[in-house]
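Engineer: Here's the letter readout for the chains.
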Amino acid sequence: MSPWEALALLLLLATGALVVTLRNAIHAALALILNFLVLAGVYVGLDARFLGFIQVIVYAGAIVVLFLFVIMLLFAAQGEVGFDPLVRSKPLAALLALGVALALFSGLWGLNLAFTKDLQGGLPQALGPLLYGDWLFVLLAVGFLLMAATVVAVALVQPTRPLDALRPEERKEEKEVVR
Amino acid sequence: MSYLFTSALLFALGVYGVLTRRTAILVFLSIELMLNAANLSLVGFARAHGLEGQVAALMVIAIAAAEVAVGLGLIVAIFRHRESTAVDDLSELRG
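If you're matching them up, the sequences are chains A and B in order. For the first sequence, position 103 matches number 103 in this note's numbering, and the numbering has no gaps at all. For the second sequence, position 22 matches number 22 in this note's numbering, and the numbering has no gaps at all.
Honestly, I wouldn't trust all of these hints.
To be verified - Listed next, the stretches of chain A that the computed footprint assigns to chain B, with coverage defined by at least 3 CB atoms under 8 Å from CB atoms of chain B:
id, region
1, 10-20
2, 37-49
3, 100-110
4, 138-145
Said to hold, decoys possible - Derived coverage of chain B by chain A (criterion: at least 3 residues anywhere in the stretch with Cβ under 8 Å from a Cβ of chain A; other residues may be distant):
id, region
5, 3-9
6, 14-25
7, 36-48
8, 58-64
9, 70-84
Hints are computed from structural coordinates only; laboratory data are not their basis. Glycine included, C-beta positions come from ideal geometry on N, C-alpha and C.
Bound conformation, chain A alone (with noise of 0.2 Å):
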């Protein structure tokens, strides 16, 4: 393991850490815009360029921005809100967190893998052919279920009318209703 690697594998536990620990919502979405950072760099040097450039422009530049669109709309910077019903919680939650990273790691270590690919740098002259050969159902459905999750975030949000705005003909069914 060459000191980059290990380098930018220790930043991205220390910036995963931050994001789960820190208090103040606002700061914990700029620890996950720097963890992506990181992460897009790992991807660069594990030979996925098109990735690392999609985990900057996508990841980084819209949902976190998203994210903190949202948190700064609803004021909800505040992490620690209302009341704990389970008093001294977070020992437990460590606990099985560090369980499920122990399962992971069993999973892991019997593995026998030789990292010899030829991934061709992971550019978008290699990975279009699969995406429009072999994954081109997948790529389609994809894009049908983003237009959905569109259609639904807008239809969610859509502010309710007030009773005044109503249209005349509708106002004429209200009376027929309180009556």
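Using the hints, position chain B against chain A.
Structural biologist: Leaving out everything else, chain B in the frame of chain A:
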């Protein structure tokens, strides 16, 4: 191989965040961390099994974008009704 172990640790960090955070938005942030840990392991495995892993990671990113749109829409809609995003306040299913 060290990348795969790191991704396992990152996933565990996400699990810890989901279990301990008390606002819906921060729980959601931890879920994003877990998604990225899975992506890192997909990219790591792609070096041993071929480019399909990277294509799958690409799909995970696209689906995560859809999930964030719907999830944040839900959080905003719930905040309008309940004036709160604390998950303990939202523990009963009434409209």
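Engineer: Does each hint hold? Answer for all of them.
Structural biologist: Against the structure, the hints:
1. 10-20: Per the Cβ count (6), the hint holds.
2. 37-49: Coverage by chain B holds for the region 37-49 of chain A (6 residues, Cβ < 8 Å).
3. 100-110: holds (count 5)
4. 138-145: It holds, with 4 qualifying residues against the three required.
5. 3-9: It holds, with 6 qualifying residues against the three required.
6. 14-25: That given contact holds, which follows from 10 residues of the region 14-25 of chain B lying within Cβ reach (below 8 Å) of chain A.
7. 36-48: Since 9 is at least three, the answer is holds.
8. 58-64: Result for this restraint: holds, n = 6.
9. 70-84: It holds, with 9 qualifying residues against the three required.
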